Amino acid sequence: MADKKAKQKVEIAVREVGEAVLLSIQDLRVWFELRRFGFGVVGHVRAVDGVNFDLMKGEAIAVVGESGCGKTSLMKTILGLYRPTEGHVVFEQKNLSEMGRRGLQWYRGQVGYIQQDPFGALPPFMAVRRILEEPLIIGGVKSKAEREQRIRKVMEEVKLFPVDDYLEKFPHMLSGGQQQRVVIARAMILEPKLIVADEPVSMLDASVRVEILRLLRGLQASHNLSFIYITHDLSTVRYFSERIFVMYAGKVVEKSPIELLLKNPAHPYSLALLTATSDPDANNARSYKEVPPGEPPSLVKPPAGCRFHPRCARMIKGECDVNEPPEFEVEPNHQVACWLYK
Amino acid sequence: MADEKLLQVENLVLHFATTQGPVQAVDGVDFELDYNKAVVILGESGCGKSSLAKAMLRLLPRNVKTYTGVVKLGGRDVMTLGEEDFRQNVRWVSMSLVPQAAMNALNPVIRVGEQVAEPAMVHLGMKKDEALQLALKMFQHVGVPADFITRYPFELSGGMRQRVAIAMSLVTSPSLIVLDEPTSALDLLTQANIFNVLKRIKKELGTSFILITHDIATSSELADQVAVMYAGQIVETADADKFFPKPLHPYSQKLMASVPRLRANQDPEFITGQPPSLVNLPVGCRFAARCPVRFEKCDQDPPMVKKDGRKVRCWKYA
Numbered sequence: 001m002a003d004k005k006a007k008q009k010v011e012i013a014v015r016e017v018g019e020a021v022l023l024s025i026q027d028l029r030v031w032f033e034l035r036r037f038g039f040g041v042v043g044h045v046r047a048v049d050g051v052n053f054d055l056m057k058g059e060a061i062a063v064v065g066e067s068g069c070g071k072t073s074l075m076k077t078i079l080g081l082y083r084p085t086e087g088h089v090v091f092e093q094k095n096l097s098e099m100g101r102r103g104l105q106w107y108r109g110q111v112g113y114i115q116q117d118p119f120g121a122l123p124p125f126m127a128v129r130r131i132l133e134e135p136l137i138i139g140g141v142k143s144k145a146e147r148e149q150r151i152r153k154v155m156e157e158v159k160l161f162p163v164d165d166y167l168e169k170f171p172h173m174l175s176g177g178q179q180q181r182v183v184i185a186r187a188m189i190l191e192p193k194l195i196v197a198d199e200p201v202s203m204l205d206a207s208v209r210v211e212i213l214r215l216l217r218g219l220q221a222s223h224n225l226s227f228i229y230i231t232h233d234l235s236t237v238r239y240f241s242e243r244i245f246v247m248y249a250g251k252v253v254e255k256s257p258i259e260l261l262l263k264n265p266a267h268p269y270s271l272a273l274l275t276a277t278s279d280p281d282a283n284n285a286r287s288y289k290e291v292p293p294g295e296p297p298s299l300v301k302p303p304a305g306c307r308f309h310p311r312c313a314r315m316i317k318g319e320c321d322v323n324e325p326p327e328f329e330v331e332p333n334h335q336v337a338c339w340l341y342k
Numbered sequence: 001m002a003d004e005k006l007l008q009v010e011n012l013v014l015h016f017a018t019t020q021g022p023v024q025a026v027d028g029v030d031f032e033l034d035y036n037k038a039v040v041i042l043g044e045s046g047c048g049k050s051s052l053a054k055a056m057l058r059l060l061p062r063n064v065k066t067y068t069g070v071v072k073l074g075g076r077d078v079m080t081l082g083e084e085d086f087r088q089n090v091r092w093v094s095m096s097l098v099p100q101a102a103m104n105a106l107n108p109v110i111r112v113g114e115q116v117a118e119p120a121m122v123h124l125g126m127k128k129d130e131a132l133q134l135a136l137k138m139f140q141h142v143g144v145p146a147d148f149i150t151r152y153p154f155e156l157s158g159g160m161r162q163r164v165a166i167a168m169s170l171v172t173s174p175s176l177i178v179l180d181e182p183t184s185a186l187d188l189l190t191q192a193n194i195f196n197v198l199k200r201i202k203k204e205l206g207t208s209f210i211l212i213t214h215d216i217a218t219s220s221e222l223a224d225q226v227a228v229m230y231a232g233q234i235v236e237t238a239d240a241d242k243f244f245p246k247p248l249h250p251y252s253q254k255l256m257a258s259v260p261r262l263r264a265n266q267d268p269e270f271i272t273g274q275p276p277s278l279v280n281l282p283v284g285c286r287f288a289a290r291c292p293v294r295f296e297k298c299d300q301d302p303p304m305v306k307k308d309g310r311k312v313r314c315w316k317y318a
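Sequence order for the protein chains is C and F.
Here this note's numbering is used: the first residue of the first sequence is 1, the next is one more, and so on.
Here this note's numbering is used: the first residue of the second sequence is 1, the next is one more, and so on.
So here's chain C without its partners, still in its complex pose (with noise of 0.2 Å):
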């Protein structure tokens, strides 16, 4: 989709990564072709626009925003179903562009995925055997009984017992939790190393989506697998992962371990994150919440300098609309991209 644009690009090196990182994200971009008429291009969608980032194997991160920022295009990228316009994806120390049909094939095996809405996750004309069973046929497992024995235990991993109860159900017979469970089943059967998460409870009754998150944690600290987690809702994300990005327009703009953004938040947008989520309380029906005016913006054309500009209540005239900020340490393991903190 988007690779024509390879042709004008600078190749920039692979950096070299230890190790202890699973999954390194370097100077990521995806963009996508606008065309009129079906032929000519006129511009880019900049979903992702640079970004950065290391994954230490068995950690969990989350990766915050809202819809349209590119969470889901990055999400997309990292399981090998876009390809990137320029930077890299590197997976234990193998660039993913450079992998072949096979590495891929086994790249996949070593990345799950949990979507968000599970009914529609599910095809609903297989029972549950048959949905568990199909990657590990892909994955190459031939023979029957193990494939059986496989399924076995990962449903009992995700508490879907008695596992003969469940076997022959199709979706349709199962509660959302349930649904749920049997995509995180799909996701762990490989015994991949990496689990990418969209939403993973947002469809999910309130009672129910605790359940979850902690099924989750569980398996990430047993397995100790490394874990994304993408969503919009800043209330779960202290449950689960140790850091947490936040994302804007395409780009990261906040780094931080998740304490450290929740007491202290650096970036603006954060900051307006954090104070229009609400804490179940009386006292929030007698005050107006401060929201930053307008919408963010088209990804087509962003606005020059800090792409935050536009709303920010605290803009600098002349720096933050001209440059782009670059990643400020606010404190160690703190990174902000906001001129507030050169």
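It is worth saying that the hints were derived from the structure and are not from the lab.
Being a predicted model, the structure only gives us computed values, none of them experimental.
Take these hints with a grain of salt, some might be off.
[To be verified] Computed beta-carbon distance windows for the label pairs:
| # | chain 1 | residue 1 | chain 2 | residue 2 | range |
| --- | --- | --- | --- | --- | --- |
| 1 | F | Thr66 | C | Ser222 | 48 to 54 Å |
| 2 | C | Pro123 | F | Gly158 | 25 to 31 Å |
| 3 | C | Leu34 | F | Ser184 | 27 to 33 Å |
| 4 | F | Val109 | C | Asp27 | 41 to 47 Å |
| 5 | C | Pro123 | F | Ala105 | 46 to 52 Å |
| 6 | C | Glu319 | F | Lys246 | 45 to 51 Å |
| 7 | C | Gly40 | F | Asn107 | 29 to 35 Å |
| 8 | F | Gly28 | C | Lys169 | 29 to 35 Å |
We treat Cβ as the ideally placed atom computed from N, Cα and C, and that holds for glycine.
For this one, chain C is given, so just place chain F on it according to the hints.
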């Protein structure tokens, strides 16, 4: 008018006929609402809260089996009105609805201004110009720029479309607006914006709201009163000031404990088990199977107990 209630719902019942038997979606619901107040109907999916909204506005599907009870709006029982009478004098005139996913319910081929003006033309008999003027005023109330009036829905963002849907419910200046999950599909900042709009409307226009939602945390943004619904029944009603710090019913307590907190270091809990099927309801308390404090009496139907100004359907307080 001071001591008169805007809305009194008594023993409202709405059952649907299905091949498996009657679905008891709304099963004897009572609650009241004062003028210029907002009540939140809290409940999880399948508890009958959207059916309650439909029952109040008499927007019923074909397979209704039982539909009885009293809905008094401004002292007048609207349940006894004929269909045409109800349509002309109640629905949209004194009580309007912002349906679930309203932002996707707008007609894609009609300009949003005309859609907002339409209820005023139909129900108040206004001319088109007049109604459009009124629509413009409503756009101001909900914070939609005036030049959006000639745009089509696809040209607006989700938040703006939701505002348009709210403007449409406001245009006939009803005294009561029923909001069914008004912000569930919206982004965080947009959600906060919509609640700011609703608060402002409540203050400036004196409108009352019934807010139907599963999201306890954001519901506190608008609530004066809270009614918790479980398996077709209301299990607790209380003032928001009393409810949020300390819910009484075991289900409300569990539900409150399941909310992840941003500002308090408290691990959320979950409720084991599942709500009962509305076709096949258990005898006695409907929450008993999942209740941590159940005892022998719970096998019988619990009464609605009054306790310091709140009502709770639980034997524990009887």
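Exercise. Does the Cβ pair Gly40(C), Asn107(F) satisfy 29 to 35 Å?
Worked result: holds (33 Å)
Exercise. Is 45 to 51 Å right for how far apart the beta carbons of Glu319(C) and Lys246(F) are?
Worked result: This hint holds: roughly 49 Å between Cβ atoms.
Exercise. Range hint 29 to 35 Å: satisfied by the CB atoms of Gly28(F) and Lys169(C)?
Worked result: The hinted range 29 to 35 Å holds for Gly28(F) and Lys169(C), with Cβ atoms some 33 Å apart.
Problem set entry | Outcome for the supplied range 46 to 52 Å, where the beta carbon pair is Pro123(C) and Ala105(F) | Roughly 29 Å apart at Cβ, these two residues miss the hinted range, so it is violated.
Exercise. Could one say that the CB atoms of Pro123(C) and Gly158(F) fall in the range 25 to 31 Å?
Worked result: Holds, since Pro123(C) and Gly158(F) (Cβ atoms, about 29 Å apart) stay within the stated range.
Exercise. Do Thr66(F) and Ser222(C) keep their Cβ atoms within the hinted range of 48 to 54 Å?
Worked result: Holds: the Cβ-Cβ distance is about 50 Å, inside 48 to 54 Å.
Exercise. Do Val109(F) and Asp27(C) keep their Cβ atoms within the hinted range of 41 to 47 Å?
Worked result: holds (44 Å)
Exercise. For the pair Leu34(C) and Ser184(F), does the Cβ-Cβ distance stay inside 27 to 33 Å?
Worked result: Roughly 31 Å apart at Cβ, these two residues keep to the hinted range, so it holds.
Violation of the numbered hints given earlier is confined to hint 5; every other hint is satisfied by the structure.
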